[in-house]
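Asks: Sequence:
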Amino acid sequence: MEGNVVDTNVLATANGKNPEAGLHCQGQCVDLLLSFTQDRRLILLDEGYLILSEYSRYASSSGQPGVGDAFLKWLHEHQANPECVRWLSITPNDNRQSWRKFEEIPEKKGLKGFDRSDQKFLAVALVFSMQRGCSSVIHNATDSDWKNFQEPIEKLGIRLHQLCPEALR
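Numbering (our numbering), first residue to last: 1 to 169.
It is worth saying that the hints were derived from the structure and are not from the lab.
Computed from a predicted model, the values in this text were never measured in an experiment.
Here a beta-carbon is modelled for each residue, glycine too, at the ideal position from N, C-alpha and C.
Among the hints, a few may not be true.
[Said to hold, decoys possible] In the BS3-like style, the derived pairs of lysine-lysine whose C-alpha atoms are separated by at most 25 Å in a straight line are:
# : residue 1 : residue 2
1 : Lys109    : Lys147
2 : Lys109    : Lys155
3 : Lys147    : Lys112
[Said to hold, decoys possible] Here are the simulated distance ranges between beta carbons:
#  : residue 1 : residue 2 : range
4  : Arg132    : Ser62     : 20 to 28 Å
5  : Gln38     : Lys109    : 39 to 47 Å
6  : Glu103    : Glu54     : 13 to 21 Å
7  : Trp87     : Ser135    : 14 to 22 Å
8  : Cys134    : Ser98     : 27 to 35 Å
9  : Asp39     : Glu103    : 27 to 35 Å
10 : Glu54     : Trp99     : 14 to 22 Å
11 : Ser144    : Ser62     : 27 to 35 Å
Just need the whole structure built from these sequences, with the hints factored in.
Replies: Here it is as structure tokens:
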């Protein structure tokens, strides 16, 4: 079983709210989100609702008008179904001097400087892979941080799916 983590920029891009993304990129994001809802592919979220809260800032749980909104509504409707959504515990790092926002992020030199706001996605993917022995994929549309740190992240066994490589600077 493969766990899927979706960066918030995918929802925003699917909704047409990402100026960095062209129509091809938007279509890629729409297709991905539809595949999750139609094929019931497993989505990974954190028990602290950090990811879901961030989604709610960029999409509407009413399900309209865009596909990113429909995806958020689907998550709300299926959040209790463990075949659709897996809730995982991630541990905040209390050391404010550390570059690591979560304990699950290893202290690897190659990860130092990775965007703290994106670390929740990586932490959830790592927990799922470690606990379940299953693979995790992080889906990204336009955030260049994922591209810049792709090699050290993939060395941790997490696959990165760059939906819009043309949009990454």
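Asks: Hint by hint, note whether the structure agrees.
Replies: Here is how each hint holds up against the structure:
1. A hinted pair counts as satisfied when its Cα atoms are at most 25 Å apart, and lysine 109 with lysine 147 qualifies at roughly 16 Å.
2. Of the supplied pair hints, the one linking lysine 109 and lysine 155 holds, its CA atoms being roughly 12 Å apart against a limit of 25 Å.
3. At roughly 14 Å between alpha-carbon atoms, lysine 147 and lysine 112 fall within 25 Å of each other, so this suggested pair holds.
4. For the pair arginine 132 and serine 62, the supplied restraint of 20 to 28 Å is violated, since their beta-carbon distance comes to about 33 Å.
5. Separation of glutamine 38 from lysine 109 is about 41 Å and conforms to the stated range, judged on CB atoms against 39 to 47 Å.
6. Distance hint check for glutamate 103 and glutamate 54: the Cβ-Cβ separation is about 20 Å, which falls inside the suggested range of 13 to 21 Å.
7. Between tryptophan 87 and serine 135 the beta carbon distance is about 18 Å. The supplied range of 14 to 22 Å therefore holds.
8. The beta-carbon spacing between cysteine 134 and serine 98, approximately 28 Å, falls within the hinted interval of 27 to 35 Å.
9. Against the hinted window of 27 to 35 Å, the Cβ-Cβ separation of aspartate 39 and glutamate 103 comes to about 33 Å, which satisfies the hint.
10. Taken as a hint, the range 14 to 22 Å holds for the pair glutamate 54 and tryptophan 99, whose Cβ atoms sit roughly 20 Å apart.
11. For the hinted restraint 27 to 35 Å between serine 144 and serine 62, the CB-CB distance of approximately 31 Å keeps it satisfied.
The earlier numbered hint that this structure contradicts is number 4, and it is the only one.
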